[in-house]
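Visitor: From first to last, the protein sequence lines stand for chains H and D. Using our numbering, count along the first sequence one by one with no gaps and you end on 389. Using our numbering, count along the second sequence one by one with no gaps and you end on 177.
No wet-lab data here; the hints were simulated from the structure. Take every hint as true, because none was put in to throw you off.
With a straight-line Cα cutoff of 16 Å, these simulated EDC-like cross-link-like pairs (lysine to aspartate or glutamate) come out:
1. Lys62/H <-> Glu19/D
2. Lys159/D <-> Glu20/H
3. Lys49/D <-> Glu70/H
4. Lys374/H <-> Asp12/D
5. Lys31/D <-> Glu52/H
6. Lys122/D <-> Glu55/H
7. Lys371/H <-> Asp12/D
8. Lys62/H <-> Asp41/D
Which chain D residues stay away from chain H? Per the calculated CB distances, all over 12 Å, these:
9. Leu76
10. Tyr78
11. Ser81
12. Phe95
13. Asp96
14. Val99
15. Glu146
16. Ile150
17. Ser151
Heads up, incomplete: computed chain H residues facing chain D, CB under 8 Å, no partners named:
18. Phe4
19. Leu7
20. Leu10
21. Leu14
22. Leu18
23. Leu19
24. His40
25. His44
26. Asn47
27. Lys68
28. Ile73
29. Lys374
Please read all numbers here as calculations on a predicted model, not as lab measurements. For every residue, glycine included, the Cβ atom is placed at its ideal position computed from N, Cα and C.
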Amino acid sequence: MTIFRDLFKLSKKLSKALLENKGLQDLETSDLFLDDAKTHIKQHLSNEAIKENLELLNQIDKEADWKKVEQSISGDGKLKPRKHFSISSFYKIAAAILIFISIGYLTINNSIENEDLDTSTTEILAGTDKAILTLDDGSAIVLDEKKQYKNAMVKSDGERLTYTKANTSSKRAFNYLTVPRGGQYQIALSDGTLVWLNADSKLKYPVNFVEGEPRIVELVYGEAYFEVSPSAEHQGNHFKVLTKQQEVDVLGTIFNIKAYNDEPYMYTTLVEGHITIRIDDTLEQLIPNEQTQVDLRTNQLTKSIVNVDYDVAWVKGYFNFKDTSLKDIMRVLSRWYDVTITFETQALEHVKFSGLLHKKQNIEDILNGIKNTKFINDYDLKNKTITIK
Amino acid sequence: MFDDKVHPKSLDGFKSLFETLYPSLCLFANKYLNDMDTSKDVVQEVFIKIWERDTPYPNFYAIKSLLYTSVKNRCLDYLKSKYHRSMVQSSDLDFDHMVSDTFFYTQLTLTDTYAQLETAIKQLPKKSEAVIRLTLNAYTNKEIAEELSISKNTVKSQKRIAYKKLRHTIGSLLNIF
Numbered sequence: 001m002t003i004f005r006d007l008f009k010l011s012k013k014l015s016k017a018l019l020e021n022k023g024l025q026d027l028e029t030s031d032l033f034l035d036d037a038k039t040h041i042k043q044h045l046s047n048e049a050i051k052e053n054l055e056l057l058n059q060i061d062k063e064a065d066w067k068k069v070e071q072s073i074s075g076d077g078k079l080k081p082r083k084h085f086s087i088s089s090f091y092k093i094a095a096a097i098l099i100f101i102s103i104g105y106l107t108i109n110n111s112i113e114n115e116d117l118d119t120s121t122t123e124i125l126a127g128t129d130k131a132i133l134t135l136d137d138g139s140a141i142v143l144d145e146k147k148q149y150k151n152a153m154v155k156s157d158g159e160r161l162t163y164t165k166a167n168t169s170s171k172r173a174f175n176y177l178t179v180p181r182g183g184q185y186q187i188a189l190s191d192g193t194l195v196w197l198n199a200d201s202k203l204k205y206p207v208n209f210v211e212g213e214p215r216i217v218e219l220v221y222g223e224a225y226f227e228v229s230p231s232a233e234h235q236g237n238h239f240k241v242l243t244k245q246q247e248v249d250v251l252g253t254i255f256n257i258k259a260y261n262d263e264p265y266m267y268t269t270l271v272e273g274h275i276t277i278r279i280d281d282t283l284e285q286l287i288p289n290e291q292t293q294v295d296l297r298t299n300q301l302t303k304s305i306v307n308v309d310y311d312v313a314w315v316k317g318y319f320n321f322k323d324t325s326l327k328d329i330m331r332v333l334s335r336w337y338d339v340t341i342t343f344e345t346q347a348l349e350h351v352k353f354s355g356l357l358h359k360k361q362n363i364e365d366i367l368n369g370i371k372n373t374k375f376i377n378d379y380d381l382k383n384k385t386i387t388i389k
Numbered sequence: 001m002f003d004d005k006v007h008p009k010s011l012d013g014f015k016s017l018f019e020t021l022y023p024s025l026c027l028f029a030n031k032y033l034n035d036m037d038t039s040k041d042v043v044q045e046v047f048i049k050i051w052e053r054d055t056p057y058p059n060f061y062a063i064k065s066l067l068y069t070s071v072k073n074r075c076l077d078y079l080k081s082k083y084h085r086s087m088v089q090s091s092d093l094d095f096d097h098m099v100s101d102t103f104f105y106t107q108l109t110l111t112d113t114y115a116q117l118e119t120a121i122k123q124l125p126k127k128s129e130a131v132i133r134l135t136l137n138a139y140t141n142k143e144i145a146e147e148l149s150i151s152k153n154t155v156k157s158q159k160r161i162a163y164k165k166l167r168h169t170i171g172s173l174l175n176i177f
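For reference, chain H alone in the conformation it holds in the complex (with noise of 0.2 Å):
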């Protein structure tokens, strides 16, 4: 079933290489045909061979043909009787999808007509970079994209956070990392491990790492999603991360924790390399594309295997749901934008969702998507709160 999505992919980079008028390039370096279906491909990409098929699509009246398959499906004129409640999530999620498809659209088309307009004051906004550094002296610091901010070991560009290496590191101070609801930030550590943390989380770190002694870090709540320098450039002394209920062993790898204090789970995903799990007394090995999940109430662990594309989205500036409920979306969009989320009507909070949304896109238009696939009656928007309808 991978030659089909390998296949829509290559279309689509073809799409764009023809679009920007470039070389087709990733046709000629793909392992998906031959030389001789490339060339048939290639003079099938022709600007007649274009010009001649994209009329032939532009003459496919669908609406006219949507009647007699309309008509077909819906029976000899009177309406068919619901099956049971069967009628398949598929549609659901296809109309869901189709529907995260144009926002993306919408969105562009926003962009140019919008750009005079001013924003008012009541508009909710995407997130953006911003942070609040805590020093070992209980001093604040508030880091934005537009501040660049500077003391002895740190230095700050708006969106990430560096700090050096000292030579000598005896002392062990502390630092901290808030980044409110409506923020992201980056830091690198000391040791050149990168974090990227989420809107509303909190993590904690030595400014400077004891030589001979494990790496050792905090994430106090929320997410956060590491790139850990390995552990075979610091004297093999290996790398943790503690969150309240668990412990993860690294020897220099990527993955996500996904641990806010809201959430009835805490996940662990491994994107890459090898880390080691540990709650109460039970270790556990995750290897690439494994995640955990632990129940906080019971401290119960779960794994399971999966694409960590959906879970290490918002690293990459997007998010990506596939069969999330509402709820769930919901919860992550409130963090983004800082807006409450209610549901007027319960049932609702559980109808699932496919699809990719940027994060610099306005929220109404991604609630007005929403409403569209007509899953949700409406919705209203005051004050921050937005309650689904």
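Once you have looked at the hints, place chain D on chain H.
Guide: Quick look at chain D alone, frame taken from chain H:
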């Protein structure tokens, strides 16, 4: 669990699916049948079958793959049918080629590429759409300017607008599925 209120609306979801994929599937079927009217009939039949089958699919890409596969199979069935064989003189060599996966994958890639292009271009404002369509036809800026009775500078600025938007559109398309 869905309550009755949202039920009857699922026809809308099916309609969006149809509207998104129907034209490209017709174009695809036509690569096999070389007859657009029959191609349309085949694709409509496939959509009706899918609706009747009413089984869940995990995601959009699975549905899209299934639709392409079903249309291909129906086209091959049609080509094998006695009716068709009595109507059209076609060599077995052609048919053997069409049965191959290579032909299937090649045509699928081409059709999907055309469809992506069309979708992206349709998103553009009218003026840049016209400019980009002519660009795809290998018109130079000068020729486009003449064709659309606009200045060469306008052509250039419309292209800039288009590329900016297309980068965004295709960029987000690339990240889906």
